[in-house]
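Protein sequence lines correspond, in order, to chains A and B.
Residue numbering for the first sequence follows the UniProt record's numbering, beginning at 1 and increasing consecutively.
Residue numbering for the second sequence follows the UniProt record's numbering, beginning at 1 and increasing consecutively.
Where hints are given, some of them may not hold.
You can't tell identical chains apart in this list, so a pair holds if it fits in one copy or across any two.
[What the hints assert, rightly or not] With a Cα cut of at most 30 Å, we get these calculated DSSO-like pairs of lysine-lysine:
1) K265 / K199
2) K199 / K253
3) K253 / K265
Hint data in this document are derived by calculation from the structure and do not stem from the laboratory.
There are 2 protein chains.
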Amino acid sequence: MEMTHPFDDAVALTSIEPGVYLGRTSAPYNNMVGPFGGVTAATLVRAVESHPDRHGDPLSITINFAGPIAEGEFQISTRATRTNRSNQHWYLEVSQNGEIATTATAVFGHRRDTWDDDEATPPDVPAPSELEQSGFPDFIAWARNYEMRFAAGALVEEEAADSTISLWVRDTPSRALDFAALTSMGDIFYPRVFQRRGKYVPAGTITLTIHFFATAEDVAAQADSYVLAHAHARRFHRGYFDQTAELWSSDEKLLATSHQLVYYKD
Amino acid sequence: MEMTHPFDDAVALTSIEPGVYLGRTSAPYNNMVGPFGGVTAATLVRAVESHPDRHGDPLSITINFAGPIAEGEFQISTRATRTNRSNQHWYLEVSQNGEIATTATAVFGHRRDTWDDDEATPPDVPAPSELEQSGFPDFIAWARNYEMRFAAGALVEEEAADSTISLWVRDTPSRALDFAALTSMGDIFYPRVFQRRGKYVPAGTITLTIHFFATAEDVAAQADSYVLAHAHARRFHRGYFDQTAELWSSDEKLLATSHQLVYYKD
Chain A
1 MEMTHPFDDA
11 VALTSIEPGV
21 YLGRTSAPYN
31 NMVGPFGGVT
41 AATLVRAVES
51 HPDRHGDPLS
61 ITINFAGPIA
71 EGEFQISTRA
81 TRTNRSNQHW
91 YLEVSQNGEI
101 ATTATAVFGH
111 RRDTWDDDEA
121 TPPDVPAPSE
131 LEQSGFPDFI
141 AWARNYEMRF
151 AAGALVEEEA
161 ADSTISLWVR
171 DTPSRALDFA
181 ALTSMGDIFY
191 PRVFQRRGKY
201 VPAGTITLTI
211 HFFATAEDVA
221 AQADSYVLAH
231 AHARRFHRGY
241 FDQTAELWSS
251 DEKLLATSHQ
261 LVYYKD
Chain B
1 MEMTHPFDDA
11 VALTSIEPGV
21 YLGRTSAPYN
31 NMVGPFGGVT
41 AATLVRAVES
51 HPDRHGDPLS
61 ITINFAGPIA
71 EGEFQISTRA
81 TRTNRSNQHW
91 YLEVSQNGEI
101 ATTATAVFGH
111 RRDTWDDDEA
121 TPPDVPAPSE
131 LEQSGFPDFI
141 AWARNYEMRF
151 AAGALVEEEA
161 ADSTISLWVR
171 DTPSRALDFA
181 ALTSMGDIFY
191 PRVFQRRGKY
201 VPAGTITLTI
211 HFFATAEDVA
221 AQADSYVLAH
231 AHARRFHRGY
241 FDQTAELWSS
251 DEKLLATSHQ
261 LVYYKD
C-alpha cells in the first residue's frame, strides 16, 4: 500500500462545480489557532493548478487572511479575471458557511528564454550537515512536518537585537518540491516579533505575497533537497510589522520571495 | 481661483452607484503606454478611501495589472469582502467596456499603540540639497510631476552591475503627502532591467504590493518634504524580475515598502 504524503492530504481538493473546490483542514498542519497559513496559501495555488482552464505556472499570489478558518470543510471559489496570451489573472475566495475567510489574487503564466541574471546571492550559512536539526515546540503541529536546521533565528525565549532568520528546510517525510510545497515554505517562519521580544505575543499574518522565479523545471530539479529560507523584518510600528523572505534552492538559485504584513500586540 | 493639483485630478473619482466609481485617465500621468501604474494604484486606494463603509487607513494593497487601460473613462468596482473589528478586506476591479483591466485586494485598518521598533535603517545617501535635480526623458509624462534627485541609479544608457536605485522624490508642484501619493511613489522607479541592460527593453509590472507602516499622522508629518525611495531587484529569470522598494520619510522613518514582479524581454 502506498501512503499519501500528509502535505498532499492537506492540500487535496474535490471539484464540486466548475471552478469551485471543496477542501478540509488537516490536523497535522494546524497552527496554534486554525490551519498553518502556508498550507492555506498552498491550497489556493493547488486550486488554480486544478482548474481545467489554467494557463502556465504560478508567477505570483497574494493571500489575505481575512478571518479564521475553523476545523473542517471549506470551499474555494476560483475565477479567471483575465486571460492573456502569456499570463492569466485569478481571483479566489475561501469560505465557510457562506462567510469569506480568505481572499487571494494569483497570476499564472508562461515563461520565455531571454536575458537572465542572478543578481542577489544567498546568505552565507553553513551546510545543512553542519547544523543541528531543531524545530518549533510540539504544540505547533505543522512544524513537525518540516526538518529544520537553523543557521540564525532558532526559536528561543531570548530577546534578539535583529529579526533575521536563516534555516535549511525540507519536508519530513521527504517529498519532492512542487509549487504548492514551495508556496507553503514561503510562510515557514514563526512571527519575527517573537524573535525580537523573546516571547510569544499575539501575532497573525494579515496578507502574504509570494513571487515565484522558479520554473516547473527549476522546482523539479530541487527534488527533496534542502531549501534555504531566509527572512527579516524592517519595522514594527503601531501593531504591524513586515517580513520579507527569500527561498533559495540547494544550488543557490532564488526560487521565490515572500512578503507579508503581520498584526501583533505586546 | 485655486488650482487643483494635477495629482488630485488624476485620482479624482465620481460615485456612480454604491461602491462603483468612475475615473478618467489623465494625460500628465501617462506612461509610455497607458497610465503610470503608480497612479492606477493610487486611484484604487482613493476608491476605498471614498467608500462610505471604509474602516481605517491603508495597511496593504496588491494591484494586478491584468491588461491595458486605454485613454478615457474607467470604472472601479469595490467590495468589502470582510469587515472585522480592527481591519477590513477589499476586492477591487478596474474595467473598461466591461473588460477587467486591473484587479486588486486591499486591507485597511486601525492601528494601536504597542511595542515599536525601527529595525532597518535608511540607505546612506547625500541630502537632497547635495544632489542634482534630474529625471526621466520627456516622453515619460508622469515623471515630470516629480522632482527627483538621484543618489544612485539615474537613468543613463549604460549597463550597470547592480540594480540598486536611490532617489529623493517629491511632487512638483509641491503637494502634501497623503496615502494616495505615497502609494504612487511605491512605483516611482523605472524598470530595473533598463538599469542593468543600459537600454530600454519591453517591460511591464504584472503585480505590485504595497505595505504601509505610516499612520495618517506619520503621513501628515511628512507634508511636502522629500521622500527617500530605494529599490533593487534580486533575480531576472525567464522573463520576470522582482523589485523590492523602501520609501523613507525625511526624518528616516520607513513609511512603506513595495514589492513588484515585472515582465521583461530582451
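Identical-chain pair category, K199 with K253, by Cα at 30 Å: between (33 Å within a copy, 26 Å between copies)
Please work out whether the CA atoms of K253 and K265 approach to 30 Å or closer within one copy, between two copies, in both situations, or in neither? between (36 Å within a copy, 20 Å between copies)
Up to 30 Å CA-CA - K199 versus K265, copy category: Cα proximity of K265 and K199: one copy only (12 Å, versus 47 Å across).
Checked against the numbered hints given earlier, the structure satisfies every one of them.
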